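Novice: Take a look at the letters that make up each chain.
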Amino acid sequence: MKKNIIHSVTQALSPFCDQDIVRWTYDVNDNAFAWIAPGSPDTLRTIAPALAGLQARLLTITAYRRDKFGRADGREIAYHFDIDGVVATVTVLLDDEFPRVPSIAHWFKNAGWNEREFAELYGIEIIDHPDPRRLFVDKDLDADILDRLIPLSTLMNGASTTTLWEKVFAGKQMPEWAKGELN
Amino acid sequence: MSTTPSTYTLPVGPMHVALEEPMYFNIQVEGETVRSVDLAAGHVHRGMEALAMNRNYFQNVTLTERVCSLCSNSHPATYCMAVENLSGLFVPERARYLRVIADEVKRVASHLFNVGIMAHLVGFDSLFMHVMEVREIMQDAKEGVYGNRMNLGQCVIGGCRTDIDADTAAFLRGQLEQLKPQLDEIHGVYERDPLIRARTQGIGLLSQEEAIRHGVVGPVARASGVVYDIRAKAPYAVYPDLDFEVQSDTRGDVHSRALLRLREAAESVRIIEQCLDMIPDGPIAVSGMVTVPPGESVARTEAPRGEVVYYLRSDGSDTPQRLKWRVPTYMNWEALQVMMSGCQVADIPLIVNSIDPCISCTER
Chain A
17 MKKNIIHSVT
27 QALSPFCDQD
37 IVRWTYDVND
47 NAFAWIAPGS
57 PDTLRTIAPA
67 LAGLQARLLT
77 ITAYRRDKFG
87 RADGREIAYH
97 FDIDGVVATV
107 TVLLDDEFPR
117 VPSIAHWFKN
127 AGWNEREFAE
137 LYGIEIIDHP
147 DPRRLFVDKD
157 LDADILDRLI
167 PLSTLMNGAS
177 TTTLWEKVFA
187 GKQMPEWAKG
197 ELN
Chain B
8 MSTTPSTYTL
18 PVGPMHVALE
28 EPMYFNIQVE
38 GETVRSVDLA
48 AGHVHRGMEA
58 LAMNRNYFQN
68 VTLTERVCSL
78 CSNSHPATYC
88 MAVENLSGLF
98 VPERARYLRV
108 IADEVKRVAS
118 HLFNVGIMAH
128 LVGFDSLFMH
138 VMEVREIMQD
148 AKEGVYGNRM
158 NLGQCVIGGC
168 RTDIDADTAA
178 FLRGQLEQLK
188 PQLDEIHGVY
198 ERDPLIRART
208 QGIGLLSQEE
218 AIRHGVVGPV
228 ARASGVVYDI
238 RAKAPYAVYP
248 DLDFEVQSDT
258 RGDVHSRALL
268 RLREAAESVR
278 IIEQCLDMIP
288 DGPIAVSGMV
298 TVPPGESVAR
308 TEAPRGEVVY
318 YLRSDGSDTP
328 QRLKWRVPTY
338 MNWEALQVMM
348 SGCQVADIPL
358 IVNSIDPCIS
368 CTER
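First to last, the protein sequences are chains A and B.
Taking this note's numbering, the leading residue of the first sequence gets 17, the next gets one more, and so forth.
Taking this note's numbering, the leading residue of the second sequence gets 8, the next gets one more, and so forth.
Bound-form chain A, shown alone (with noise of 0.2 Å):
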């Protein structure tokens, strides 16, 4: 059954990408695994509607930074998808200064919050998403702020504005003590 559906997807997947960037591996209970070699994101717009077209369920899409601590630039994308009971994973690589990425949620409904997920957590624009607001970070804050270091001793240095306060007591007379002066 399992070499059933790698042929499948080999197949599938022929057209867009030669067999040697395909990599297969298995666990130790024999569940297969497809890597399919990084490639552009536009490799996307193909490689979707054919896995589609098989029946493919999207797992989950992990966005990383080929350097988790950011010293160099350089983002990727990884989709994992189902394939009855085979788990095909396809990687891009992202343009440096512009990260980009065409959204799938045309052929995988639930790529829908992945894709609004990453774009706020790595700062990376979907094209032609069907809803692309914010999904758990606020939209005042900037994309990718998580995934920014912010020295401690910029967190503990006791700056603080009287934003908050001015917000609490609009219409009132504000404290003294809420005006910052005391800072």
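Just so you know, the hints here were simulated from the structure itself, not pulled from any lab data.
Note that the coordinates shown come from a computational prediction; the quantities given were computed from them, not determined experimentally.
One or more of the hints may lead you astray.
As the list claims (entries may be wrong) - Not the full set, but computed from the structure, chain B residues with beta-carbon under 10 Å of chain A:
no., residue
1, 57
2, 92
3, 95
4, 241
5, 247
6, 251
7, 306
8, 340
Note that the Cβ used here is the ideal one computed from N, Cα and C, for glycine as well.
Got chain A sorted already, so can you dock chain B onto it with the hints?
Specialist: Frame of chain A; chain B shown alone:
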């Protein structure tokens, strides 16, 4: 706040009596009928995946156990499998049985919790209390075997922490014997009680087509005719050696999801008994420290709420370059828009509960 002359917005959450965790539902209502639902998440986003990249492989076993309370064994188990897949580590056979026992004990307790809450939402509080009392049998089993009632701390990379000796196995069997007739009885009540049926049958409908389109997982998918269970489809640990039946239904409503969970709990009892019968002697973990080479791996398990996926990427250091996990609830949220369309306002909590939502899981 009115939106059109005939509809108005009903905000539910993020803090609401029907929600155990914070989620905001922006619901458009016409009279008592729900017309559309929008969700706003992010109230308990903890940045756990970023934490995982700053902890070493062993520390992450402890961290991943804290992603979710009800699925707490599934997360470290799947994480350990991802590390073991990448390292080529072979887990001793006894440990693979022990992992299945821990997973199934947690499944029984999790499913009973969910169907118990359903009884409460229906207004059948004596049944709710009865189910929670029966669930205590498994809670006591967890405490007796592992020393904890929620986080078992059972999984380590390359095996398990706690062995089950003859006395402990006898204790666990005793708990299962107590549980079996109670599970049968509870299933009968949920199946036949007029109040339960009136409130849960035919509501929160999700067709097989919509279940596939949304990619839902776990009992939500199986109750809509998507017969997919990782334990059978891509088996791990010792599931290939065990005799169990993947439960499914085609009705796709709140009632069928509850009954399916109860059948799965009974099936879990059978699985635990088989494991106790078949478990071989031997070590419960590999000895020594594991080295994780550069590379990537994926591991999947069937948690109580459905499929859990872990993706691990290593740069060869002692901390992951990236650790991503996808929890079952993440896949099931958007299907609520289908399930709740056209439902009555009073049914909203029941439908939300029927996907067994975990928000701390979803947001991590």
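Novice: If a hint holds in the structure, say so; if it does not, say that too.
Specialist: Evaluation of the provided hints:
Hint on residue 57 of chain B holds. Least Cβ distance to chain A is approximately 7 Å, under the 10 Å limit. Checking residue 92 of chain B against chain A: minimum C-beta separation of about 5 Å stays under 10 Å; hint holds. For residue 95 of chain B, the interface hint holds, the least distance from its beta-carbon to any beta-carbon of chain A being 9 Å, beneath 10 Å. The interface hint given for residue 241 of chain B holds, since its Cβ lies 5 Å from the closest Cβ of chain A, which is under the 10 Å cut-off.
Hint on residue 247 of chain B holds. Least Cβ distance to chain A is approximately 6 Å, under the 10 Å limit. The interface hint given for residue 251 of chain B is broken, as the beta carbon of that residue sits about 16 Å from the closest beta carbon of chain A, more than 10 Å. With a cut of 10 Å, the hint placing residue 306 of chain B at the interface with chain A holds, because the nearest CB-to-CB distance is about 8 Å. Taking 10 Å as the C-beta contact cut-off toward chain A, the hint placing residue 340 of chain B at the interface holds, the least distance being around 7 Å.
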